[in-house]
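Which chain is which? The protein sequence lines are Z, D, W and L, in order. Sequential numbering of the first sequence, starting at 1, is according to this note's numbering. Sequential numbering of the second sequence, starting at 1001, is according to this note's numbering. Sequential numbering of the third sequence, starting at 2001, is according to this note's numbering. Sequential numbering of the fourth sequence, starting at 3001, is according to this note's numbering.
Hint data in this document are derived by calculation from the structure and do not stem from the laboratory. Remember, it's a predicted structure, so these values are computed and weren't measured experimentally. Heads up, some of the hints might be wrong.
The following label-pair restraints were derived from C-beta to C-beta distances [what the hints assert, rightly or not]:
(1) L:L3101 to D:R1649: 49 to 59 Å
(2) W:R2364 to L:L3101: 47 to 57 Å
(3) Z:V280 to D:L1488: 50 to 60 Å
(4) D:P1075 to W:G2102: 19 to 29 Å
(5) W:E2060 to L:R3091: 23 to 33 Å
(6) D:D1577 to Z:T203: 45 to 55 Å
(7) D:F1640 to Z:N284: 32 to 42 Å
(8) L:A3104 to W:V2098: 37 to 47 Å
(9) Z:G53 to D:D1577: 17 to 27 Å
(10) Z:V280 to D:P1612: 29 to 39 Å
(11) Z:L205 to D:S1558: 27 to 37 Å
(12) D:K1220 to W:A2013: 12 to 22 Å
(13) W:R2048 to D:P1075: 21 to 31 Å
With a Cα cut of at most 30 Å, we get these calculated DSSO-like pairs of lysine-lysine [stated by the list, open to error]:
(14) L:K3219 to W:K2151
(15) Z:K54 to D:K1574
(16) Z:K32 to Z:K50
(17) Z:K27 to Z:K269
(18) Z:K32 to Z:K286
(19) Z:K286 to D:K1600
(20) Z:K269 to Z:K30
(21) Z:K50 to D:K1574
(22) D:K1516 to D:K1526
(23) D:K1391 to D:K1574
(24) Z:K54 to D:K1391
(25) D:K1120 to W:K2443
(26) W:K2443 to W:K2151
(27) Z:K286 to Z:K30
(28) W:K2451 to D:K1120
(29) D:K1391 to D:K1600
(30) W:K2372 to D:K1114
(31) D:K1526 to D:K1114
(32) Z:K286 to Z:K269
(33) Z:K30 to Z:K50
(34) Z:K286 to Z:K27
(35) W:K2443 to D:K1114
(36) W:K2451 to W:K2372
(37) Z:K27 to Z:K50
(38) D:K1516 to D:K1220
(39) W:K2372 to D:K1120
(40) W:K2372 to W:K2443
From the three backbone atoms N, C-alpha and C, an ideal C-beta is built for every residue, glycine too.
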Amino acid sequence: MNLHPLAILLQTGLLLALAPFVSGVIKNWKAKLQNRRGPPIWQPYLDLIKFLGKDVVISEHASWVFSIAPYVVFLTALSAGLMVPILTVQAPLSLFGGALALIGLLALGRFFLALGGLDPASAFGGMGSSREMTISAIAEPALMLAIFTVAITAGTTDLSRVAAALHEANWQLLNPAHLMAFAALFIVLLAETGRVPIDNPATHLELTMIHEAMLLEYSGRLLAFMEWGASIKQLVLMSILVNLFLPGTLAADGTVAAFGLAFLIFVLKLLGLSAAVVVVETVNAKLRLFRVPDLLSAAFVLAALGLLSTFLFQ
Amino acid sequence: MPPGFPLMSAIFINVGLILFLVGTVSSLVLQRRGNLAVAFAFGCSGLAALCGLTAFITFLVAGFSRPIPAYELFPSLVPNVHFSVRIDALGAFFGMIVSLLGVALSVYSFGYAKAFVGRKNVGILGAFFNTLLLATTLVFLADNAFFFLIAWEIMALSAYCLVSFEHEHDETRSAGVLYFIMSHIGTGCLILGFLLLFQASQSYGFETFHALGDRMPPAKRDAAFLLFLFGFGVKAGIVPLHTWLPAAHPVAPSNVSALMSGVIIKTGIYGLTRVSFDFLGAPPNWWGVTVLTIGTISAVLGVLYALMEHDLKRLLAYHSIENIGIILMGLGAALMFLHTHHPVLAALALSAGLYHTINHAVFKALLFLGAGAVLHATHTRNMEEMGGLAKRMPKTALFFLIGAVAISALPPLNGFVSEWLTYQSLLQGFGTTPSLIRLMFPLSGAMLALTGALAAACFVKAFGITFLAQARSQHARDAHEAPFSMLLGQGILTAVCLLLGLFPVQFLTLLDPVTKQLTGEVLSSKLTAGSAWVLSGTAPQGGTVSTLGITLIALCLSSIPVALWWLFARRSRKRIDATWACGQPILQPQMEYTATGFSKPIRMIFKALFRPHREVQREYDYSPYFTTTIRFSAHVEEVFETRIYRPFRRWVWWISRRMRALQAGSIQAYLIYIFLTLLLLLFFAL
Amino acid sequence: MLLLSSIVMIPLASAALCSLVRSHRVLAGFTIVAFAAELALGLQLFRRVLTAGVVSEWNEFFHADALSAWMVLLIAAVSLATSLYAGRYFRRDFAAGVITTGRIRQFFVLNSLFAAGMFLVVLANNLGVMWFALEATALASVLLVALYNRKTSLEAAWKYVMLGSLGLALALFATVFTYAAAVGPHPSERLPNFNWSHLINVAPQLDRRLIKLAFVFAFVGYGTKAGLAPMHTWLPDAHSEAPSPTSAMLSGVSLKIALYALLRFHILTTQCLGTHFSGTLLLGFGLFSMFLAAPFILVQTNLKRLLAYSSLEHIGFICAGIGMNTPLTIFGALLHMGYHALTKPVLFFAAGNIHQTFHSLELRVIGPGVVKVLPITVCLMGLAAAAATGLPPFGLFYSELTVISGGFAARQTITSVLLLVALIAAFCGILTQLTRILLGAPKVEHSNDSKPWDGVPAMGLLLGALLLFSVWLPGSMLQLIHRAAGIVGGIP
Amino acid sequence: MNTPITASPELGSQLITLCAAVMLVLQFLLVVQRMLLTNIRLFALQSLMLSAIATIVAAFYHASHVYVVAGLTLVGKVFFLPWLLNRLVRRINITQEIEPLLNAPTSMLACGGLTLLGYIVARPFTTLQKLGNNTLAIAITLLLTGFFLMINRRKAISQVLALLTVENGVMLAAVALTTYGMPLVVELGIFFDVMVAVMVLGILVYRIRESFASMDTSKLTQLRG
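For reference, chain Z alone in the conformation it holds in the complex (with noise of 0.2 Å):
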């Protein structure tokens, strides 16, 4: 199997454009469900615009570590982005690295933006790298268990080749494994994304923040790569979601009418995703910090019970 630029390009834009819009509609969404008007779907554009224009404030105690940390984090995401199978089950560079690349990857950008945090010597950073950094240590096992269970299943950690085993497979949701490790995942996705119940993205609170925190200094255009890196991050593991667990629908052939068709539920199936989330941030309150643990040692044990249930049910 070799590259195909022409894919490369596609899912690049596909992120690129694709990543503002979820998190427009769930902003949005989430407005609506607690009866306010909310800003507009595709606020996340204007924004990123208007960053992208705007001077650069840096902190005099920063080093250089604080303006590469963006660059990290939107290219992290971007290329981790590259390895999960969106529109067909070939994803482009599939070749290049499957789930533990990809992992490995958002870990990378991850790992540069809490340093950016902790650069301009404020407290708030700090605290905001602390707490990514032990939030995104203890989902680490239930994530891992996850992938684990799937791609035992599968037989592969390529994420293509994971997708393509559950598409020839008919209808493989109802394997109990699976469901369980859908949930975990999902509950993953809600800390690595900085959701409520684990984190607020709408706060700026200090004692609240974690994802805000470490962006506190950020401005201009590196707050604007910031922002893209998470939103796209947040596409990503989303679209990991539903392509992993209702991977029937993915184009087949590479004909263009396969193409939009695929296109069309996957944008579907996003935004049942996003419903999901919206739902989930309305009716919870954020947990306090040391209940987060708890949260995600379900999430762990979730993904032990689906592991488990392969080793029962084959």
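The hints should help you fit chains D, W and L onto chain Z, whose structure is shown.
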């Protein structure tokens, strides 16, 4: 392969060994003339290591999977002792590691040891540095148990002398003693293990030990395995035998710490591999299970304790425990695969472990050298007094950052590759056995994930608190960049990190002889998917990864930000301004996040393990609501130290004190002893 | 030429000469010359024994086999080193005013007598004479221990002489019983032959019960003199209170000489009763001594007592090695004797230097950081300590490993494991204690030693020999030790 | 039995047994007696018995060299040593042993037990001893009780005396077991050794007395551990 090739490497090795000796002697002779001693000692060690490197690499490249015949270094004049060495793939691989580090560390030491000239006797430092390298190389080359043990003990002895180099501090002395005692106990176990083999084969030769286990009674075989596991485990610093490691590694001079964390603890891995794959024959299942479990526990606990440290070098030492654990996961899985007769998977897991061995050697040495440079610049190991060094020593900061990324197993660097291989082998291990045991694989995989994430957290803390933000103390404020040779030493290791990360397939060919020797499988061909730049899990459709590809793609994608900048932000300016300080006039360093604070969430989450306790002293003038000064200190309890080692030590002292009463000084009592002995023997005789 | 008799006579002569002169230098000179000559003669004897097997003189009054030759070598070497060290040592004591010229002369006289007695022990053919010689060494060494005439040294000497002569009385019983056995049930007009060379041939015909009883008494008696636990109680006192040269002699050879006497009985018993009885006793008490020594080392507060306990541990190891009674273990044990004889005096010499610099042997007083005050002494002491704790590249590592692997080869696994455990325990103790005092920064500022090279020749000589023989055991010496091991193991 | 015996061996044997028994009795007296000078005299008597035994052996068995032993014992152990010790005692004017560890009755009891033990140990060898009955048993008993005496007494002098009684026991054993005693050279060696030993002990006792102002050896407990 060209004939006489082994001869070549043999010659190179001999030259190297002789050079080490020359280095030892010359630096002892020149100890009065500090700088000259430094030049000679580290010059010789560097050249010697270079010779060794060429020899071992040529050997591995030529791919001798079968050992070349042993030869005597120098004729022994003592019966039963033969100073004979042989080069085989495993030994050559580890020899390559020690030589590689030897080169980089010697370069680094030129600048580093200068700092001691006049203050301490650098001649001693150089001499024992050479001896240590020499002994370690011989450990990997020794061909019989007697010689192996001699080299092993000399290694321990010189390491002890290096650890207690700055013996003026009490902490250093006690650490050295603890290290030497535990290592000696370990050596005792090794002696017993080897003697069990000797009992079975009536010989000391490693040749005759090969696959000896199959001819031994199972009980003795298992006993030997356990003895070796203990003996080599002490050296490798597995939990719960690790307590000496975070004590001894930090107090040594940094180039020595790098050597110890990089290579010396790897001798334990070497021994374990040698014994369990070469000597003891087909392993029963519980060996693999034990090693895998120990590995997992060591990995998780190691990184957890590392997170609690704010002493930079102790933090790194704890990470050595973690990485030893990861290596052992690979070895344990390999043993289990051997038991279930999956040689290819065994080869995969083994190469994962060995790959991580060399990776850890490189980036841990790199990090210790960085820490050494920081120590050299700030004269403190306490991270709470550092900060802002990225501006004052940018190159060191860059090297340290790369090391940190590598040890956190982040792509595209070498740590990621070896852990990726470990994941692959664990993943495929699930299918190898129908029994419930197979759940161990994914679970330890999850623990490995936890370890990786915690390591990332820990190094965000290590790098962030040490190098970023503003300086927390005067030391840190007037820090300066390290001299050239120290930077060069770090640079070499950084380059190796990148190479090992970006060209794994090419490197794995060097491992072929080893896997061929130990598992009978050649791997590198199975590990390349299509192009030579893509690494693949061995299974028919295992995952693939290409660090090089990822890097290139990322570079291509970075055109997007550039383009966007050109489109929107060409005219935007960059302003430097103060960080928002909540309305305070200026941002005080005290307002920064501290290392202790950074790791507090983890400390709270795992409080069952850490049993943290804190002391807060606050002073105020007129009302407790307006505190003038506040002093906070948090401690965690090291369970093994407080629950196992300290009580045992107390018990020993108590017994000994009690026994002194026997020698109370009264001659009557002494006469009674003799009298009773006489009566006893009279009864015994009649 | 009368080799053996001259070996015994020369020290006596030097003793006589020493009693005449006053000058310290001359005294030291005499003894050095004498013992250098002894060493030469010892090598001569070594060659003769290798060729002839057995050398005897004065119609077999003197009698030397491989075992005796080996012992002669050890005694000569240690005595030479001691006399090299003693001269300078006492000159410093004299300068410090702790000792009078008369006492110094007394030391040199008694020291020569001490050595002469030991030579006689190993060369005497008649067991009675052997006993007599051993008693002579005991008396000489008692006066040496009491040389400083301090309260503590008198106390030590008193305990030493009481326990020692009691033990020797028991040994005398053993001798009598053996003689009775030699006489046999049928008394005859002519005196029976009480020579070793005769006894060993008729051993199998001797009365078994008498020999057994004799061995029990010999074991307790000579065991007391050799410092086997629990009869060892005099040992740390005497070693710590004697002047350092004497401590070196006591621990370096005197203990081993007593052990030699015990071995003679052991051989007789094995010939008569088989190996089991005496072997078991040696092994059991050897192990007991080792395990007793370790805790005392760990909590010791006095430097020379520490070293004394380490000697106890080594003697125990040697006994155990011989008690295991396989060719390999006995060979290892005899080799260990040699290496230990070369190692331990160095430690005592170093302790002497430390004592004279710090005017105390209490570890607390010597405190941390001796290395800053006496760099060279500490360096040599460190080497010797590494050797004594059985670290390579020194020979004791080799001999210890030989004994233990011999045990394994003979399937005496448990015993060997116990031996190893005891060795490790002792190692831990010595390492902890010596690190505590030698390394570190001194508490109080001591004047850096004026004469750093004091005692270095003696220590250098021994350490050099040790290192040499650690990497190079000449074939002839190996042959000698093997023969000695054969004699001990009962292979005629 | 091809031993050429002229005078009636029974008589000799009887006499020897008698003397040996007397030695034992004297030993018991030593155990209970606390006056030092008396102790010394008792020891002298014991030694006298020993030399008597030697003489008897020499007379009844034509072992001319045993006369020498007898003579030496007489000179040395009956006259010289007691004289020496007397001088020592007068010099450091101490008249009697302080309270021993065990009081008189208990020590008698202990010695009785030790005698029993001596007999048990010696029983297998009754066939071996040529002269007298149970002389070997008595010799071993002398050893054990002497040992006990050393443990029980605290004055340096009386410990020396106890040691000397042990030596007597050895001599007795030598005579009893081995017809003609040991070879002369050995006897001489042993004898002079004992002499020297006692002198050394004397010197030490004197020095101890000087520097400790006492002879109580149970006070010598500086060296511990």
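Quiz item: If you draw a straight line from the CA of K286 (chain Z) to the CA of K1600 (chain D), is it 30 Å or shorter?
Solution: holds, 20 Å
Quiz prompt | Outcome of range test on Cβ distance (D1577 (chain D), T203 (chain Z); 45 to 55 Å) | solution = violated, 25 Å
Quiz item: Is it true that the C-beta distance of L3101 (chain L) to R1649 (chain D) lies inside 49 to 59 Å, as the hint says?
Solution: violated, 39 Å
Quiz item: K286 (chain Z) and K27 (chain Z): Cα distance at most 30 Å?
Solution: This hinted pair holds, its Cα atoms lying about 16 Å apart.
Practice problem: Please work out if K32 (chain Z) and K50 (chain Z) have their alpha carbons no farther apart than 30 Å. | Solution: holds, 25 Å
Quiz prompt | Outcome for the supplied range 27 to 37 Å, where the beta carbon pair is L205 (chain Z) and S1558 (chain D) | solution = The hinted range 27 to 37 Å holds for L205 (chain Z) and S1558 (chain D), with Cβ atoms some 35 Å apart.
Quiz item: A3104 (chain L) and V2098 (chain W), beta-carbon distance inside 37 to 47 Å?
Solution: holds, 46 Å
Quiz item: Does 23 to 33 Å hold as the CB distance between E2060 (chain W) and R3091 (chain L), or does it fail?
Solution: violated, 46 Å
Quiz prompt | 30 Å Cα cutoff - pair K1526 (chain D), K1114 (chain D) | solution = Status violated; Cα separation ~49 Å.
Quiz item: Has the hinted range 29 to 39 Å been met by the Cβ atoms of V280 (chain Z) and P1612 (chain D)?
Solution: holds, 33 Å
Exercise. Below or equal to 30 Å on CA atoms is what counts here, so check K2443 (chain W) against K1114 (chain D).
Key: Holds, at roughly 28 Å.
Quiz item: Quick one, are K1391 (chain D) and K1574 (chain D) close enough, alpha carbons at most 30 Å?
Solution: Roughly 18 Å separates the two Cα atoms, so the pair holds.
Of the numbered hints stated above, those contradicted by the structure are hints 1, 2, 4, 5, 6, 12 and 31, listed in ascending order.
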